[in-house]
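Colleague: Counting from 356, one number per residue, gives the positions in the sequence shown under the numbering used here.
Worth flagging that the hints you see were computed from the coordinates, not collected in a lab.
Remember, predicted model here, so these are calculated numbers, not experimental data.
Keep in mind that the hints are not guaranteed to be accurate.
As the list claims (entries may be wrong) - Derived EDC-like pairs: lysine to aspartate or glutamate, alpha-carbon spacing no greater than 20 angstroms straight-line:
| # | residue 1 | residue 2 |
| --- | --- | --- |
| 1 | Lys480 | Glu524 |
| 2 | Lys372 | Glu449 |
| 3 | Lys439 | Glu476 |
| 4 | Lys439 | Glu449 |
| 5 | Lys480 | Glu447 |
| 6 | Lys439 | Glu483 |
| 7 | Lys480 | Glu454 |
| 8 | Lys372 | Asp430 |
| 9 | Lys480 | Glu449 |
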Amino acid sequence: MRIREFRLTDEQVQELKGAYHQCPDGSTRTRYQAVRLYGTGYPVEEIQTITGCSTTSLMEWCRTYSEYGAVALQDGRLGGNSAKLTDDQRAEIEIRLHEYTPHNLFGTATQTGAGQFWTVEDLQKAIEHWFGVRYACRTSYVRLFHACDFSYHRPEKVFKSQRPLQMAEFEEQVEKN
356 MRIREFRLTD EQVQELKGAY HQCPDGSTRT RYQAVRLYGT GYPVEEIQTI TGCSTTSLME
416 WCRTYSEYGA VALQDGRLGG NSAKLTDDQR AEIEIRLHEY TPHNLFGTAT QTGAGQFWTV
476 EDLQKAIEHW FGVRYACRTS YVRLFHACDF SYHRPEKVFK SQRPLQMAEF EEQVEKN
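Sequences and hints are given; from them, build the entire structure.
Modeller: Printed below as a string of structure tokens:
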């Protein structure tokens, strides 16, 4: 069995207790508590049960505390999301999606034959055209559709090799018969 090298002095224990009680952030408090418990000799399994942290995280927090002190244990995440569009831009998109069809914007270069209905691919192209923004994930476009009160419909199949003139002649023949 390995002997634990990480031990806290009474001053360090008091520092971590004080930081714990003054901190409003839950994840930072967990770090303070885990390091304090480990440094005072609690078994790792018990610390994991109390705090819910992994062994790897616990060891990393102890190493960070040893090198940089209690301040380094603070949660550095900024929170929020990295929204690429502002609320005003989203509102403008909603208006534009209800005003225009993909055919109005892109002509025949739409994902559906008639360009009458919006698809994720058409929305992606429109947002990139309007705002210069491109999401990495298709889900972001689906969520944007949902936020703009659009529902999902399976798009019609488009055969890019179809010839419009011959199609019109064929439909004319079908109508005559």
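Colleague: Next, verify each hint and record whether it holds.
Modeller: How the hints compare with the structure:
{"no.": "1", "hint": "Lys480 / Glu524", "in the structure": "violated, 32 angstroms"}
{"no.": "2", "hint": "Lys372 / Glu449", "in the structure": "violated, 51 angstroms"}
{"no.": "3", "hint": "Lys439 / Glu476", "in the structure": "holds, 18 angstroms"}
{"no.": "4", "hint": "Lys439 / Glu449", "in the structure": "holds, 16 angstroms"}
{"no.": "5", "hint": "Lys480 / Glu447", "in the structure": "holds, 16 angstroms"}
{"no.": "6", "hint": "Lys439 / Glu483", "in the structure": "holds, 11 angstroms"}
{"no.": "7", "hint": "Lys480 / Glu454", "in the structure": "holds, 16 angstroms"}
{"no.": "8", "hint": "Lys372 / Asp430", "in the structure": "holds, 17 angstroms"}
{"no.": "9", "hint": "Lys480 / Glu449", "in the structure": "holds, 15 angstroms"}
Going down the numbered hints, you'll see the structure goes against 1 and 2, while the others check out.
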